Every structure is written in C-alpha cells, then in structure tokens.
Amino acid sequence: MKRGIKSTLSSMALIFFFISMFLGITGINVYAADGKNVYVTVEGLNSIISEGPSKGNNALEALENFLNNKKINYKATNGKWGAYIEEINGLKAGNFGRYDGWGYYIKNNHKFIVPQVSIDNYKLNAGDKITVYYNEYGVTALPNIVSFEPKVVKEDHPFKMQILESSIDYKTNKEIKTPIKNVSVQIDNKNYTTNEEGFIDVDPLKNGEHIYRITGYQKENVPKVSEDNDKFIVDSINAPVISFVKSDDSKVDENNDIKKENKEDKNTKEENNENIKKNSIDKDTIDNQYNETLKYLEEKEASPWAAFSLYKAGVRVKSNFLSELDKSLEETPLENMRPGELETNIIGLASLGFSPYDYKGNNFVKELYSRDINKFLTNELIFGLLTYRAVNIKEEYIITKSDLVNKILDKKLLNDKDGKNLTGWAWAGDKIDPDMTAAAINALAPYYNGKTLANVDNNKIKSVVDNSIDTLSLMQDNNGNIIGNYGPSSETDAFVIMALTSVGLNPQGEKFTKNNNNLVKGFLSYKGENGAFNHNPEVKNNYFATEQSFRALMNLKNYNGENKVDYYTSNIDKNKLKVIKKEVNEQNNNENDKEQNNNIAVENNSSNDEVIVKVQDTSSKENENNKKIPKTGSPMGTTEILFISLLIGSLGVLAIYKGRKEA
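Residues 7 to 669 (our numbering) are what the sequence shown spells out, left to right.
By construction, these hints were calculated from the structure, which means they are not laboratory data. Since the model is a prediction, treat every value here as computed from it, not as a measurement. Careful: at least some of the hints might be erroneous.
[Unchecked claim] Pairs of lysine-lysine residues, derived as BS3-like cross-links and limited to a Cα-Cα distance of at most 25 Å, are as follows:
{"no.": "1", "residue 1": "Lys418", "residue 2": "Lys237"}
{"no.": "2", "residue 1": "Lys117", "residue 2": "Lys129"}
{"no.": "3", "residue 1": "Lys98", "residue 2": "Lys77"}
{"no.": "4", "residue 1": "Lys381", "residue 2": "Lys413"}
{"no.": "5", "residue 1": "Lys237", "residue 2": "Lys381"}
{"no.": "6", "residue 1": "Lys157", "residue 2": "Lys372"}
{"no.": "7", "residue 1": "Lys546", "residue 2": "Lys157"}
{"no.": "8", "residue 1": "Lys400", "residue 2": "Lys284"}
{"no.": "9", "residue 1": "Lys318", "residue 2": "Lys584"}
{"no.": "10", "residue 1": "Lys381", "residue 2": "Lys466"}
{"no.": "11", "residue 1": "Lys333", "residue 2": "Lys166"}
{"no.": "12", "residue 1": "Lys301", "residue 2": "Lys466"}
{"no.": "13", "residue 1": "Lys166", "residue 2": "Lys98"}
{"no.": "14", "residue 1": "Lys301", "residue 2": "Lys318"}
{"no.": "15", "residue 1": "Lys582", "residue 2": "Lys366"}
{"no.": "16", "residue 1": "Lys587", "residue 2": "Lys284"}
{"no.": "17", "residue 1": "Lys372", "residue 2": "Lys413"}
{"no.": "18", "residue 1": "Lys117", "residue 2": "Lys135"}
{"no.": "19", "residue 1": "Lys333", "residue 2": "Lys588"}
{"no.": "20", "residue 1": "Lys333", "residue 2": "Lys157"}
{"no.": "21", "residue 1": "Lys318", "residue 2": "Lys457"}
{"no.": "22", "residue 1": "Lys418", "residue 2": "Lys570"}
{"no.": "23", "residue 1": "Lys546", "residue 2": "Lys212"}
{"no.": "24", "residue 1": "Lys372", "residue 2": "Lys588"}
[Said to hold, decoys possible] FRET-style restraints, in silico, Cβ to Cβ:
{"no.": "25", "residue 1": "Glu589", "residue 2": "Leu420", "range": "24 to 34 Å"}
{"no.": "26", "residue 1": "Asn566", "residue 2": "Lys426", "range": "31 to 41 Å"}
{"no.": "27", "residue 1": "Gly515", "residue 2": "Asn461", "range": "26 to 36 Å"}
{"no.": "28", "residue 1": "Asn461", "residue 2": "Gly100", "range": "51 to 61 Å"}
{"no.": "29", "residue 1": "Ser53", "residue 2": "Lys160", "range": "26 to 36 Å"}
{"no.": "30", "residue 1": "Lys183", "residue 2": "Lys582", "range": "56 to 66 Å"}
{"no.": "31", "residue 1": "Glu298", "residue 2": "Asn521", "range": "21 to 31 Å"}
{"no.": "32", "residue 1": "Lys196", "residue 2": "Asp416", "range": "44 to 54 Å"}
{"no.": "33", "residue 1": "Asp288", "residue 2": "Val321", "range": "18 to 28 Å"}
{"no.": "34", "residue 1": "Asn522", "residue 2": "Glu402", "range": "44 to 54 Å"}
Glycine is no exception: its CB is placed at the ideal position from the N, C-alpha and C atoms.
Please build the complete structure, drawing on both the sequences and the hints.
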C-alpha cells in the first residue's frame with residue numbers, strides 16, 4: 007500500500023513537472039501596441055533558431071509577435087492546463103517519443119525564473135528575456151546558478167567556475183542544486199568542459215569584461231543544457247556578477263522599442279532643435295566632470311589604457327604595470343600571448359615611457375604585427391588598428407594598416423530588424439554589438455574623414471560607417487542610453503560618444519536625442535561618487551567603467567560641436583621611449599626585483615614630451631571603496647505559488663492516473 011502511494015506521488019510529481027515545463031503559446035494572433043519591451047530567444051535542437059526584441063503585456067503576446075515578425079512557422083494548441091506549443095520551425099514536440107517538447111523560462115535583473123503558469127498567463131516586466139527552448143524533462147538542465155571560486159577573482163590568477171541547476175523538491179519544498187556536467191563553457195573564445203561537479207578550471211584572465219557561453223548540444227538528441235550567454239566583470243576587488251538580462255528594466259521605457267525608429271516629431275524642426283539645445287549638457291558641466299574623474303584616476307593604480315589617458319592629459323601616472331608585465335611574461339612567453347594582450351601591453355609600456363619595441367629583449371610590436379592576420383578576432387583587428395595610431399607605429403611589419411582596415415570591413419555584420427538593414431560588428435557570433443560597432447567606427451574614422459591608404463576604398467568606408475551610425479541610433483532608448491547586448495551601461499555610452507566625435511557627429515544632436523534625452527545626458531546619469539562612474543545601477547563606482555568613461559569625457563572636453571576628436575592619437579615618439587634591457591648579473595637582478603616591488607610613478611612634461619620615471623613606495627596603498635556585488639543565480643519562486651501549482655497539478659494527475667487505471 008505504501009509503495010503504491012509512493013509510486014502514485016512520484017508519477018504525480020513527474021507529470022506535473024512535465025506539464026509545467028511544456029506549457030507553450032496559443033495559436034491566437036494577439037498584438038499589443040502598448041506592451042512591455044522584452045527580448046525573445048527561440049532555441050532548437052542544435053542552435054538558437056532566432057532571437058531579438060519584441061513587445062507584449064504577457065509572454066504569449068511577445069513570443070507570438072516575434073514569431074510572426076520573423077515569419078517562423080509554429081503550431082500551438084490550448085490544453086487543459088493552458089496553451090502548449092506543438093511545433094516551431096518544423097521541430098515537433100515529442101520528436102523523440104519521450105518527455106521532450108517546448109518549454110520556457112524568464113531572465114531579468116539577476117533573476118532566473120521558471121514560471122509555474124502557462125506563457126499566456128505570465129505577465130511581463132520591461133526588460134524580460136524570454137527563452138523558449140526544446141528540452142526533455144530530466145535531461146535538459148537550466149544553468150541558473152553560475153558561481154566562482156574564489157568569490158573574488160583576481161587578475162592573472164586561475165579560478166574555478168561552477169555551473170549548477172537550482173530546482174525545488176516538491177515533496178520537501180527544499181532547494182536542490184544539481185551540478186551540470188559534461189557541457190561546454192566558452193570564455194572569451196576559449197573552450198572548457200564541466201566535470202562531474204559542474205566545475206571548470208579557468209585560465210588567468212585580465213581585469214575587465216569577459217563573455218561566456220554555455221552549451222550542451224548533442225547529435226540527434228535533445229540538448230544537455232539550455233544555451234546561456236552572458237558576461238561577468240573581473241576587477242580583483244568585487245565578486246563577479248552575472249546579469250541574467252539582455253536589457254536593464256530600469257533603463258527601458260515601457261513605450262519605447264529597444265531599437266525603435268526615429269519618429270517624426272509633432273513640433274516643427276525649429277522647435278525640435280530648440281528643445282535639443284535646451285536639454286544639452288553645457289561645457290562647464292562636462293569640464294567639471296572631466297576634472298573630477300581625472301582626479302579619481304590620478305589617485306588609483308593605472309591600468310594600461312588609463313595610463314594612456316593620463317599621459318594624454320599630461321598628468322602624473324601611478325602604476326605597477328611593469329611588475330605585473332614581468333609576472334605575465336614569466337607565465338606566458340611573448341609568442342603565446344593573444345593579439346589583444348600584445349596590444350594592451352604596447353599601450354601600457356608606451357604610455358609609461360618605456361619601449362614596447364625592446365622591453366627586456368621582447369619586441370611586442372614586431373610580435374603583434376608579424377602574425378597571421380587571419381587568426382585575429384574582430385576586436386583584435388580593431389584594436390590592432392587603434393594601437394597603430396595611438397602609439398604612432400611605423401608601417402614596417404607584415405600586417406599593415408590597409409590589411410587591418412580591409413579585414414575589419416570584411417568582418418562587418420548585416421542584420422535585419424523590421425525590414426531595416428542594420429550594420430555593425432560583434433565580439434563574436436552574428437549579433438551586432440554596439441560597443442564593438444563603436445570601436446570599429448573609431449578605428450575607421452581617419453579614412454572616413456578623408457585620409458587615404460593603399461588598396462582601401464574610402465567610399466566603402468563612408469557607406470559602412472554611415473549605416474553603422476544609423477544602427478547605433480536605433481539602439482538608443484528614451485533615457486538617451488544605448489542598449490547593449492547585455493543591457494545599457496556607461497561603457498557602451500562612452501564608446502559610442504568616442505565614435506561619434508571621431509567623425510564629427512554631435513552626441514547631443516538630433517540623431518542621438520530621444521524623448522528630449524540625448525546620449526551625453528544618458529551617459530552622465532551613470533556618474534558615481536568622487537569622480538567615479540557606475541557600470542550600471544547594480545555595479546557602482548567601478549574602476550573600469552570610470553576609466554572607459556574618462557576616454558569619452560576627454561573627447562567631449564575637446565569637442566566644440568563641429569570638429570573631429572580622436573581619442574586614439576598621441577605625441578608618443580619611439581625615439582624618446584626608454585629601453586629596458588634584460589639584466590644578467592645578480593646585482594642588477596636584485597635591484598630590478600627591488601624596483602618591481604614598488605609601483606612606477608610617471609610624470610609627463612607635455613611641453614617637451616620628456617617622461618620622468620620615479621620609484622615610489624606604495625606599500626600603504628589604499629583599497630578601492632567599491633560596493634560588493636551580490637551573488638547570482640538565487641532560486642526563484644515562493645511557497646504559496648508552489649503550493650497552489652502543486653495542488654492544481656495533483657488534481658489533474660489524479661484524474662489521469664484514475665483514467666489509466668480504469669483503462
């Protein structure tokens with residue numbers, strides 16, 4: 007008897023879970039002009055079928071609007087417990103004759119939600135990301151917990167990353183954390199595979215943003231895990247945070263499409279221009295913010311790009327870059343460094359007054375520009391061209407500026423949005439990223455502005471850049487911010503400001519003003535305390551957000567509304583850079599070690615370009631006063647919802663069970 011009850015309860019739980027996961031959409035066409043702005047992803051057996059922005063007051067409306075807009079065929083039916091989807095793009099539920107079919111989940115604002123209602127009953131919030139995915143109960147996992155060991159990841163230190171699925175045991179109402187094993191995790195284009203405990207051992211990373219992708223596709227079978235793409239920030243101070251969101255609901259106006267068309271304003275053009283002028287940020291405000299942020303960066307240990315900014319500003323630079331570089335060279339020989347690492351090291355050395363052509367026998371410049379250009383990633387091509395310009399490198403290597411320009415043009419992406427052709431670039435994949443698009447525009451700016459190169463078509467550059475600028479305008483929301491692939495951020499706004507001013511386009515002009523909020527106004531909404539900038543509303547007073555924001559402030563300070571301002575230029579002279587020779591005797595080694603235990607302070611005398619290097623003891627360096635970033639992937643749902651859902655499911659299961667028994 008007890009075994010029979012236990013078996014019945016197990017069957018009830020199994021069927022209830024199956025029903026909950028496979029609730030889908032109805033076949034009724036419902037369109038909501040005033041719906042919430044959301045992002046929809048449809049995942050099939052072996053890849054993402056399609057993804058993009060949509061609208062709806064509930065998940066049904068948003069998903070159906072998206073599928074109809076993309077002209078993707080589907081079939082749905084109303085069931086006893088709600089609507090469920092039978093087929094999308096030719097892939098039918100029950101394809102393998104098991105508990106396989108279409109399910110859905112929601113991500114927003116650090117939350118990963120598996121709703122206990124059908125999609126037509128799930129009410130949306132602005133910024134929700136809806137994923138409809140093909141899965142099998144008990145086989146396809148949801149990666150709703152991503153954790154790090156140690157909790158604070160240090161630059162250039164290995165660490166562990168764990169992928170887990172959090173679910174609720176409906177018998178005990180307690181959380182269960184299950185490791186997701188034997189799935190692929192790609193971080194910055196490097197592949198790992200999770201072990202039995204769901205861990206991967208990640209190679210050391212540099213401070214900054216890093217992109218990961220989790221997949222578990224199988225040949226002729228359901229995926230082992232639903233694909234997940236996101237990013238995390240390493241800053242050696244805070245625990246990395248996973249955003250679980252494509253767009254930040256605090257930054258998305260409910261009545262504004264994520265990539266909306268510019269509407270014809272009711273006012274006359276003269277009135278519109280007057281409104282733009284009235285809402286523009288004045289020069290004094292920009293100059294004051296520039297000075298505050300400059301002071302903030304002066305007091306911190308400078309990253310390589312911060313050192314470049316401070317060099318351009320003609321102020322003292324404090325950095326422990328040389329000691330960090332020496333450690334890096336011990337662990338990773340020059341020939342094993344990625345092009346991106348070489349580019350950063352070239353910038354760091356030159357900005358501090360040291361020669362990247364000969365640093366202890368290492369020629370970073372020759373190594374970078376003597377490689378096979380076909381192995382460069384898109385961002386490495388773009389920053390390879392920017393580094394050429396920033397450090398005034400002569401074209402005497404295998405890879406020329408012309409090669410880089412043409413490769414960058416070859417890497418451009420063409421996406422379609424509501425019948426409009428969008429142009430841009432991406433870190434990886436085929437979805438246009440505004441940060442990378444802005445960086446590419448900045449890299450191509452001199453040739454857009456008229457400078458010529460052998461075998462480079464300037465007319466083609468002008469056409470591509472103009473189309474890319476139009477695309478960035480479509481990515482702006484009503485707050486003035488640019489919506490990145492992972493939501494709005496100060497860095498995205500900063501990169502776009504730098505791109506626009508590099509070609510003489512006003513970031514406070516009509517093209518980049520929405521709802522009387524321009525790009526500069528949106529950008530300055532991220533300012534934090536004491537000159538710092540926030541990455542987004544959750545990650546405050548962040549050094550890397552501040553460093554990148556300062557680049558934009560530098561351009562805005564020098565922009566007069568008409569001129570062209572290129573951040574990636576300098577008066578760095580190869581002949582004035584200090585060569586550091588590799589020490590061979592013990593005495594020199596000891597002295598070198600002593601120097602590397604201290605930080606380097608550099609002063610730039612802008613009048614004669616002399617760089618004065620001083621050794622400064624920084625053993626009492628103050629710590630960053632950054633707010634801790636919260637943990638991610640906490641379990642969702644409440645006891646009340648679970649109880650009600652279980653009760654309803656149980657009644658249905660009992661009926662099924664009884665019917666089967668009678669049969």
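Checking one constraint from the list: CA of Lys333 to CA of Lys166, max 25 Å. Satisfied? holds, 21 Å
Could one say that the CB atoms of Glu298 and Asn521 fall in the range 21 to 31 Å? holds, 27 Å
Supplied distance hint 24 to 34 Å, evaluated on CB atoms of Glu589 and Leu420: violated, 53 Å
Okay, Asn461 versus Gly100 on CB: inside 51 to 61 Å? holds, 56 Å
Would you say the C-beta atoms of Asn566 and Lys426 sit inside 31 to 41 Å of each other? At 32 Å between Cβs, range holds.
Given the hinted pair Lys157 and Lys372, is their alpha-carbon gap at most 25 Å? Judged against 25 Å, a Cα distance of about 38 Å means the pair is violated.
Given the hint that Lys117 pairs with Lys135, does the C-alpha gap stay at or below 25 Å? With Cα atoms ~10 Å apart, Lys117 and Lys135 stay inside 25 Å; holds.
Lys372 and Lys588 were given as a pair; does the straight-line alpha-carbon distance stay at or below 25 Å? holds, 18 Å
Holds or violated: Lys117 and Lys129, Cα atoms, limit 25 Å. Holds. Lys117 to Lys129 sits at ~15 Å (cutoff 25 Å).
Would you check the hint for Lys418 and Lys237, treating anything up to 25 Å between C-alpha atoms as holding? Holds. Lys418 to Lys237 sits at ~22 Å (cutoff 25 Å).
With the threshold set at 25 Å, check whether the alpha-carbon distance from Lys301 to Lys318 stays at or below it. The given pair, whose Cα atoms are some 14 Å apart, holds under the 25 Å limit.
Lys318 and Lys457 were given as a pair; does the straight-line alpha-carbon distance stay at or below 25 Å? holds, 23 Å
Violated hints, in rising order: 6, 8, 12, 13, 16, 25, 32; the structure is consistent with all others.
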